[in-house]
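Novice: Got chain A; can you put chain B on it based on the hints?
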Amino acid sequence: GQNIDQPTEMTATEGAIVQINCTYQTSGFNGLFWYQQHAGEAPTFLSYNVLDGLEEKGRFSSFLSRSKGYSYLLLKELQMKDSASYLCAASNQAGTALIFGKGTTLSVSS
Amino acid sequence: GAVVSQHPSWVICKSGTSVKIECRSLDFQATTMFWYRQFPKQSLMLMATSNEGSKATYEQGVEKDKFLINHASLTLSTLTVTSAHPEDSSFYICSVDKGDVVDTQYFGPGTRLTVL
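Same order as they appear, the protein sequences are chains A and B. My numbering applies: residue 1 is where the first sequence begins, and numbers increase by one. My numbering applies: residue 1 is where the second sequence begins, and numbers increase by one.
Looking at chain A on its own, in the form it has when it is part of the complex (with noise of 0.2 Å):
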C-alpha cells in the first residue's frame, strides 16, 4: 500500500527552529516534495528532494533519506506567518498525481 505520515500539529515561539517529520511508503519513488497550505487556501510548493541529504532554500531546509523512507522540513527563525498546515507528499512515478500525508498544523505563538 502507499502510506504517507506526519504529526498531525505542532507549536513553537518566533524565531524558534521546528523540524516536521514525515515517513512514506509507495510502491514507487520519484520525489518528496513539501507545501504550505494556510486555512482556505491551495498549497504552494516549498521544496523538493529526490537525492539523500539536505536542500537548503532560506529559512527552510528539506531532507531526505530514500533508505530509510524519511523526510523533514526544518524551518528557521520562526516567523507568525508560518503559521499553516504543512504538506508531505511523495510522487510515486513521474507525471502522476502526488500522494499527500494529512499535514501538519503549525502554530507559532509570539
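Simulated from the structure, these hints should not be mistaken for lab results. Note that CB positions come from ideal geometry on N, CA and C, so glycine has one too. Be careful, since some hints might not be right.
Claimed, not checked - In silico contact screen, one side only, chain B against chain A (beta carbon under 8 Å); selected entries:
#1 G16
#2 F28
#3 Q29
#4 T32
#5 F34
#6 S43
#7 L44
#8 L46
#9 D97
#10 Q105
#11 F107
#12 G110
#13 T114
Stated by the list, open to error - Okay, the calculated beta carbon distance ranges per label pair:
#14 B/K20 with A/A16: 37 to 47 Å
#15 A/F29 with B/L76: 28 to 38 Å
#16 B/D27 with A/H38: 36 to 46 Å
Specialist: Leaving out everything else, chain B in the frame of chain A:
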C-alpha cells in the same frame, strides 16, 4: 505570478443542482491536470486525472457519472458536480505539472463548494 486559475473561488448551491468548476493553466499548455478534493482538516485526496482530448482517469471510489471532467483544450479542464448533495461540500483544487521542476505540481486557488 499565478500559474493556475480556478473559477469560481466559492459557490453555494441547492441540493440536486449541478455546479461547474473551471481550471485554467495561465501561461503554458497542460496535457494533464489533476483534480483533488479536501475536506476540513483532511489531506488532499486525488479524485481524477484529466487528460486533454481523452477520458479522465478516476480514482477508486470516485463516481465518474457524478463528477464529470472535460479537458477540451490544453489550457482548460472543467469539473462538473452533478446533482450535488450536502456531502459533496468540500474544497476542490486542481493542479498542473508545469514540467519545470520534475513532477512539481502547481495548484489552483481552489473552489469552496457548499451544498445546502
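Novice: Indicate, hint by hint, whether the structure satisfies it.
Specialist: So, going through the hints one by one against the coordinates:
At a threshold of 8 Å, the smallest CB-CB gap from B/G16 to chain A is about 26 Å, leaving the interface hint violated. Contact between B/F28 and chain A, as hinted, is not supported at the beta carbon level, the nearest pair being about 15 Å apart and thus beyond 8 Å. Given hint, B/Q29 at the interface with chain A, is violated; its Cβ is 15 Å from that chain's nearest Cβ, farther than 8 Å. The closest approach between the C-beta of B/T32 and any C-beta of chain A is roughly 7 Å, which is under the 8 Å cut-off, so the hint is satisfied.
Satisfaction of the interface hint for B/F34 is found here, the shortest Cβ-Cβ separation to chain A being roughly 5 Å, below the 8 Å cut-off. The interface hint given for B/S43 is met, as the beta carbon of that residue sits about 4 Å from the closest beta carbon of chain A, less than 8 Å. The beta carbon of B/L44 is positioned within 8 Å of a beta carbon in chain A (closest approach about 5 Å), and the interface hint is therefore held. Checking B/L46 against chain A by beta carbon gives a least distance of about 5 Å; that is within 8 Å, so the hint holds.
Hint on B/D97 holds. Least Cβ distance to chain A is approximately 7 Å, under the 8 Å limit. Interface hint status for B/Q105: upheld, as the beta-carbon distance to the closest one in chain A is roughly 6 Å, under 8 Å. With a least beta-carbon distance of about 4 Å to chain A, the hint placing B/F107 at the interface is held under the 8 Å criterion. Checking B/G110 against chain A: minimum C-beta separation of about 5 Å stays under 8 Å; hint holds.
Checking B/T114 against chain A: minimum C-beta separation of about 13 Å lies over 8 Å; hint violated. Look at B/K20 against A/A16: about 45 Å separates their beta carbons, and that is inside 37 to 47 Å. The hinted window of 28 to 38 Å between A/F29 and B/L76 holds, with their beta carbons roughly 32 Å apart. In this structure the hint that B/D27 and A/H38 lie 36 to 46 Å apart at CB is violated, the actual value being about 24 Å.
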